[in-house]
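K.L.:
Read off the chains here:
Protein chains: 2
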Amino acid sequence: MEPIFAIEIKVLRSRGNLVAQIHSQLSNAILQGRLCSGTPLPSSRLLAAQLDVSRNTVLQAYARLQSEGLLVTREGSGTIVASIDTLLPHIATTANLFTRISPHWQHNKLFAQQIPAPIEFDFSMGIADTSLFPFALWRRCISRQYRKMETRTMEIGHPAGQPGLRKMISGFVSQSRAVSCNPEQIFVCSGAQQAYVLLAQLFIKPGVTCVAIESPGYPMARRAFVAAGARIFDVPVDGEGLIVDAIPPEVNMIFVTPTHQFPTSVPMSIARRAALLQMANQRDMIVIEDDYDSEFRIGAQPIDALQTLDSQGRVFYVGTFSKCMFFDIRTGFIVAPEWAIPHLATARQAQDWRNPLTTQLALAEFMQTGELRRHIFRMNRIYEQKYDTIVATINRIAKGILTPTLMLAGVHLTLDLNQKYSAQKVCNDALQRGIKLHCGSEFSVTPDIPNQLMLGLGRIAQHNIEPAIQRLVDCIR
Amino acid sequence: MEPIFAIEIKVLRSRGNLVAQIHSQLSNAILQGRLCSGTPLPSSRLLAAQLDVSRNTVLQAYARLQSEGLLVTREGSGTIVASIDTLLPHIATTANLFTRISPHWQHNKLFAQQIPAPIEFDFSMGIADTSLFPFALWRRCISRQYRKMETRTMEIGHPAGQPGLRKMISGFVSQSRAVSCNPEQIFVCSGAQQAYVLLAQLFIKPGVTCVAIESPGYPMARRAFVAAGARIFDVPVDGEGLIVDAIPPEVNMIFVTPTHQFPTSVPMSIARRAALLQMANQRDMIVIEDDYDSEFRIGAQPIDALQTLDSQGRVFYVGTFSKCMFFDIRTGFIVAPEWAIPHLATARQAQDWRNPLTTQLALAEFMQTGELRRHIFRMNRIYEQKYDTIVATINRIAKGILTPTLMLAGVHLTLDLNQKYSAQKVCNDALQRGIKLHCGSEFSVTPDIPNQLMLGLGRIAQHNIEPAIQRLVDCIR
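So the sequences go chain by chain: P and G.
To get our numbering, take the position in the first sequence, counting from 1, and add 8.
To get our numbering, take the position in the second sequence, counting from 1, and add 8.
Check each hint, because a few of them may be wrong.
[Unchecked claim] With a cut-off of at most 27 Å between alpha-carbon atoms, the simulated DSS-like pairs for lysine-lysine come out as follows:
id, chain 1, residue 1, chain 2, residue 2
1, P, Lys156, G, Lys156
2, P, Lys117, G, Lys175
3, G, Lys213, P, Lys213
4, G, Lys433, G, Lys407
5, P, Lys175, G, Lys117
6, G, Lys213, G, Lys117
7, P, Lys175, P, Lys156
Simulated from the structure, these hints should not be mistaken for lab results.
All figures in this text were calculated on a predicted structure; none of them were measured in a lab.
With the hints as extra help, turn the sequences into a complete structure.
P.N.:
Structure, rendered in structure tokens:
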């Protein structure tokens with residue numbers, strides 16, 4: 009049979025969907041330029057006859073091409089190939105969109121990146137010691153939840169978290185931190201970091217809200233508040249924690265780490281806590297209390313949380329499972345006044361909906377066994393032993409050079425360095441000799457940088473502490 | 009022995025840490041009011057002798073109490089209990105912090121909440137059909153990764169995603185969507201929603217950036233841009249998708265769903281795509297292309313993605329595994345110009361660090377087996393069969409009342425409703441009779457609401473389609 013137009017169309021019944029077959033061959037021919045703009049198409053009747061398909065099939069393929077803009081109908085000349093000259097620009101100039109990036113993110117410095125240098129003694133902060141974590145039990149919990157997953161995959165789930173997990177967390181914080189709350193006050197989120205982001209979303213009006221944060225303080229919390237458009241006020245910290253009297257009058261939101269000040273390790277004194285809450289009440293402030301590693305006690309019971317002392321529902325308490333379990337669980341929580349939960353939920357949904365249900369359910373089951381509590385108890389002794397060994401070694405070989413700050417809880421400790429030496433130089437020198445640790449300048453944006461070194465207790469093994477401290481002291485002297 | 013002051017202190021050597029024991033008993037006594045403000049403490053020498061501990065032990069306990077603000081030293085009178093009257097405010101007035109909430113979140117309406125009414129026929133949108141998902145294989149992948157977890161729990165991980173997964177995704181999108189990119193252009197995030205949030209973080213300057221979004225369009229994308237402070241322009245959609253000519257001149261960022269317009273289902277015509285890119289180039293715009301369910305084709309090959317047609321690197325392509333796998337995987341991705349990745353990474357880190365490594369590695373392994381591709385192939389036929397059944401049933405019993413819009417891809421379809429009837433009323437009536445479906449007004453903020461019904465293909469079983477459509481038509485007439 010005579011071809012009815014420039015290109016050959018083949019239809020195979022065995023491949024199903026005839027409309028699709030015709031459509032794709034025609035659209036390819038148009039896009040590749042084999043059918044030029046203006047080319048008339050054969051009538052549907054003619055093409056149907058040639059291909060031995062129903063006329064309706066051809067009409068459907070034409071209709072689809074038309075709605076895609078590849079065919080147009082012209083009075084008199086029937087259906088023709090549309091003009092698609094503008095489709096592929098030939099000169100590819102690459103856009104410079106960098107200038108469009110918001111000032112907050114024009115830098116691209118990640119926090120706490122892994123060090124390329126070889127590390128023999130690792131005092132990195134923020135990483136839990138997982139050597140004794142009951143992974144076998146955790147795997148059983150997670151596997152059981154994955155087996156039940158089929159029936160659950162169509163669930164949307166609530167952004168505030170799975171009810172069973174919220175109940176377990178409310179029991180957990182009231183037992184471990186005397187934070188009294190009911191399950192309806194618990195908001196499950198993706199780590200402490202997302203807690204800062206959600207509270208920033210809720211309460212920060214860009215350019216208006218004034219947030220006080222500790223200096224030195226936690227840079228990632230600062231980033232969350234800066235990104236939300238807050239005006240930041242860096243308030244100094246001393247041996248009693250945040251200096252409440254130094255909070256400027258315009259501040260109406262405070263971020264604070266009272267149990268184990270990040271990074272100086274000191275607990276906020278009870279007098280300061282009282283003063284902070286009094287100021288918050290007087291000035292109608294919102295207080296974010298980050299209790300990131302308070303499960304681990306050095307010696308005494310830590311002081312009551314601000315949340316416990318607060319009588320007005322101003323304190324939003326943030327906790328995390330990164331330290332008492334492991335970082336990859338990506339689960340944290342907020343203890344909030346109950347009225348705030350639906351608002352947090354709406355904000356969370358617009359962030360990324362919710363935490364994975366499977367992980368939430370596995371965590372609830374894991375907590376239910378009591379094994380988290382036992383793990384914390386075990387690890388408490390491990391961390392305390394590491395802490396004691398560091399302090400004893402320092403007292404033996406570095407008295408007058410290094411002095412541990414007071415701490416009641418937490419998984420890193422802070423050492424005051426004799427002013428004769430520079431903490432930053434020591435930190436750099438130590439890295440050259442295979443010791444990773446931290447210094448005050450990493451956490452300060454104000455000029456009054458404390459001459460301190462910070463040692464995380466998660467990655468260093470007990471038997472490495474003495475040689476590590478020995479070498480560190482060699483780096484100083 | 010004569011008690012040396014009002015309270016009794018007991019020390020048990022078997023319980024370890026003597027400092028902590030002394031500290032906690034004293035601090036409790038002070039906080040409970042048993043030791044009043046001003047009470048002098050015995051000298052360290054005296055207390056040490058009485059408790060049979062070293063003087064240093066007592067001094068450490070005192071020092072801790074002092075740093076907590078519970079003890080003070082007075083010239084002449086030695087160490088006395090501090091004044092802590094301000095500690096516990098007696099009148100508990102509850103703060104009204106609601107007025108402090110940013111206007112975006114003063115509402116608390118969640119999107120796509122589960123319906124309390126009993127649903128017999130469920131055409132909910134946005135939920136994948138997981139009946140044929142190879143859960144056994146997925147469980148094997150995830151279990152294997154959980155077994156390897158011990159060695160990985162101390163890894164910080166890169167916010168852009170695990171390299172192996174980025175590689176698999178770049179192969180996946182170039183195969184399924186002809187989106188050509190290298191693994192360094194892939195950014196892994198927590199679902200498509202977080203992709204919007206991160207791009208909003210990067211490019212929206214509050215009160216300045218003008219974002220065009222489709223109307224009707226995807227409400228959750230709108231919420232992300234509103235929350236970031238964008239000025240929103242709702243641009244109408246017709247049978248060829250977003251009406252490019254209707255984009256106001258001040259717009260410099262566009263959010264668009266070209267493959268399967270949400271919610272009207274129409275594909276954006278090639279002419280419109282070309283016009284959109286041309287406008288983007290002329291006006292230096294950023295284009296966010298959301299290709300949320302394009303893996304599933306109805307009939308023909310879908311039109312090329314904007315990302316494929318873009319020669320200037322203006323298009324940020326967003327994809328998700330929620331539809332081709334299941335929602336709970338909470339994994340999506342951005343295909344971005346390579347220069348933008350480090351900035352996205354910095355922004356992501358401040359959001360919630362990164363996706364769980366375990367899930368990332370399991371997903372990479374799962375994709376490596378080829379089973380995702382086979383699952384999509386299988387599901388394509390399932391969805392196409394559901395689609396065909398709906399269309400055939402409508403053509404048989406509701407011709408002139410309901411008319412499917414053109415669609416080339418996706419897991420929901422859209423029906424134009426005869427103007428004699430109200431889509432919103434039909435939707436409500438249907439819900440009363442056990443049918444969950446959607447209508448145009450749920451996705452429109454502008455007055456020109458399309459009189460359309462939307463039917464998700466995920467939750468409805470094939471054998472239920474005919475009776476469901478039958479009942480729906482009964483609701484209309």
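K.L.:
Give a verdict on every hint.
P.N.:
Structure-based check of all given hints:
no.	hint	in the structure
1	P:Lys156 to G:Lys156	22 Å, holds
2	P:Lys117 to G:Lys175	23 Å, holds
3	G:Lys213 to P:Lys213	13 Å, holds
4	G:Lys433 to G:Lys407	19 Å, holds
5	P:Lys175 to G:Lys117	23 Å, holds
6	G:Lys213 to G:Lys117	26 Å, holds
7	P:Lys175 to P:Lys156	21 Å, holds
Checked against the numbered hints listed earlier, the structure breaks none of them; every hint is satisfied.
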